[in-house]
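Asks: The listed protein sequences derive, respectively, from chains A and B. Each residue of the first sequence is one higher than the one before, counting from 8 in the working numbering. Each residue of the second sequence is one higher than the one before, counting from 143 in the working numbering.
These are calculated hints, taken from the structure and not from any lab test. Values in this document were obtained by computation on a predicted structure and should not be read as measured data. Possibly wrong hints are sitting among the right ones.
[Said to hold, decoys possible] Here are a few chain A residues that sit away from chain B, every Cβ distance over 12 Å (derived from the structure):
(1) I21
(2) R87
(3) K125
(4) L228
[As the list claims (entries may be wrong)] Partial pick of chain B residues on the chain A-facing surface, computed with a CB cut under 7 Å:
(5) G347
(6) G348
(7) M350
(8) E354
(9) G530
Note that the Cβ used here is the ideal one computed from N, Cα and C, for glycine as well.
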Amino acid sequence: MTQLILFNVTNGLIIGAFYVLMALGLSLILNLSNVINFAHGGFLVIGGYIAYTLEPYLGFWGALVASPFLTAIIGLAIERVMISRVYGRDPLYSLLLTFGLAFIFEDGTRFIWGANGKPFAIPAFLSQPLSNEFFFITGYRLFMVAMVAVMVSLLFLFLRYTRVGIRIRAGTLDLETVSALGVNVRALRSLNFAVGIFLAGLSGVLAGGQLGLEPTMGSGLLMPSFIAIIVGGVGSLPGTLVGGLLIGVASGITAAVFPSASEAIMYVLMAVVLLIRPRGLFGEEGMLT
Amino acid sequence: MSRNSVSTKLDRRTVIKAAAAAGVAQFASPFVWSARAADTIKVGMIDPFTGVYAAVAQNELIGVKFAVEQINAKGGVLGRKIELLVEDSANDVGTGVQKAQKLIDRDGIQFLIGDVNSGIALAIAQVSNEKKVLHVVSGGHTDGITGKDCHWNVYRVCNTTKMEANSVAELLFNKYGKKWHFITPDYAFGHTLQEAAAADLQKYGGTMTGNELAPLGTNDWSAYLIKARAANPDVLLVLPQGLDMVNCLKQVAQFGIQKQIHVAGLQQELESLEAMPPEARIGTWMFEWYWKQPGVPGVEKFVADIRKRSGGKVPTARTWFGYTSMMTYALVANREKTLDSVKLAKALGNFELPADVKLQPNKCYYRKGDHQLMTSAFVGEAVEVPAGDPEDLFKVDTIVAGDKTSPPESETGCALQWPA
């Protein structure tokens, strides 16, 4: 039993790492622009399908690089045309807009690529378990964790050391002052949105190798990402990181002892955190009010 | 009015307008496939065209449309053309019931087809029964539809879960071993499927090493697979369907579990196999219908006709379900020369499908006592890399007749109550 739980903790960390990648994109957009992006799962699906379409021409690695950029470009266009129009309004507007977009994306992918799932292939050497005992640690899962680690590090370095990154962080705290200091807030928000969607696109490619590529796949991954943000604390990217890993591990352990509650445990965890510390583990008071 | 002056609060008028729009949308006209004409017979179809079952639902629609085309080309039903009204249940019981009521009350349909989702199928069967409309359940498998919840007006084309279990269980037990471990989707269909297979296992004297109940929509299967492998069974039965099945088998293959434990299941579908990469197409399964049946009359022509209407894709079991559901109505109504639901429902008892509709070697008929179609099970193995046609992803080993897999009528729990 101890071994089983240890296996599941390790496994939970692997799953949690994936939630982190998706939740960080969501969190970036929410923090700077107050947009609760319900279409994030849709962008993830688009990322996966673009990779599937490009794979025959560019191979897995080419698709892995190209697809997130193309998804980010689509995201940027949608942000410019639609989402930017609801900035500064009640968050309900952006919530309703992105909620509608999520449906459009789901039906759009169904229209373009068909309702049936698509087989997205990964390189053979990645789809092997590393050892007979730790059979659930496959090359692909380790690769996913490594990708998440690299992207999270790059994101934190970007936000910490680049001028744009510092402006994004400053904007998260006080956008009006940043604007008054002469920063082009419109461009800053667009760039920030594109970075968030880039992460969604990358999550889509990575998920496509592990899960079936299907128009509805994004919705199942969206809720855990929102929970990761709420548990970690709105406004805090390190919080999102911890939140994602926490719900992954909690879900992994629960699946070992009480499988039916493996999904419910995330919500229980969220409820407990909200009761004890409503701002989330690392959140700042007063966000999203 | 400038954009900046728009209030950030939702006002009462906006809310009322939105509510009214939502209300109108609910009662908007269904999608009418064939042209409306004055004197047509209206047939309603409800299936989940959005959501996780959209792919199989669309294939059922292709089959129904093809049947309507054939029926109308041959003069229709009692000299009247069929007009098909299609509604999306959105994989939601409430929506399905609402659509069924609308099709019957407002559109005046004579015959109803649907739904893929067992829960919706049961619920709309209740509606069609209250309204006395003949109804064929095309793709909902849970036993109750032709078991304890059966109705005089409801027939079913696809198999029951018990029939599916009976078709594969003996083979698995004799060939691959007597210790079985289950991964079961945690809802009505999964439970009945697992119980049926576990009952067969017990009958043969085997043991169950565990049953992992996984919530619908599970993405990560590793926790269940870790437990399953630790239990060291001879056979791992993977019972989830659709996207869940695809995800689970992809992960089974990546973990290499099939190298130690024989992977199998009951129901498998071409839609799922096509969504998997080659390495995940593993295991022993039953198909409810398969497109490659050399020498069986009518199959080749049916495949060619469907290919012309589906962008070159072959028909799946779902396409055949849709086709058979629709053809059943036309055949029985033209034979009986009536549209009266009670008379037609009575006439369908022991009604045998002709060769060009059954499209399988065995006798195929609706059983009188429970209204279940006695259709064959195609038992075989998934194919990793097809040798010829890229859609030939299943190797059929045996075709078992429906009355061999189905429990006797007396054991189904169905007691039909006919109207006075």
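Asks: A separate judgement is required for each hint: does it hold in the structure or not?
Replies: Evaluated hints:
1. I21: About 8 Å separates I21 (chain A) from the closest Cβ of chain B, which leaves it inside 12 Å; violated.
2. R87: Given that every Cβ of chain B is farther than 12 Å from that of R87 (chain A), nearest at about 15 Å, it holds.
3. K125: 6 Å, violated
4. L228: 7 Å, violated
5. G347: 28 Å, violated
6. G348: Status violated, d = 23 Å.
7. M350: At about 16 Å, which exceeds the 7 Å cut-off, the nearest Cβ of chain A leaves the hint on M350 (chain B) violated.
8. E354: With a closest approach of 6 Å, the E354 (chain B) hint holds.
9. G530: 18 Å, violated
In this structure, the earlier hints numbered 1, 3, 4, 5, 6, 7, 9 are contradicted, and the remaining ones agree with it.
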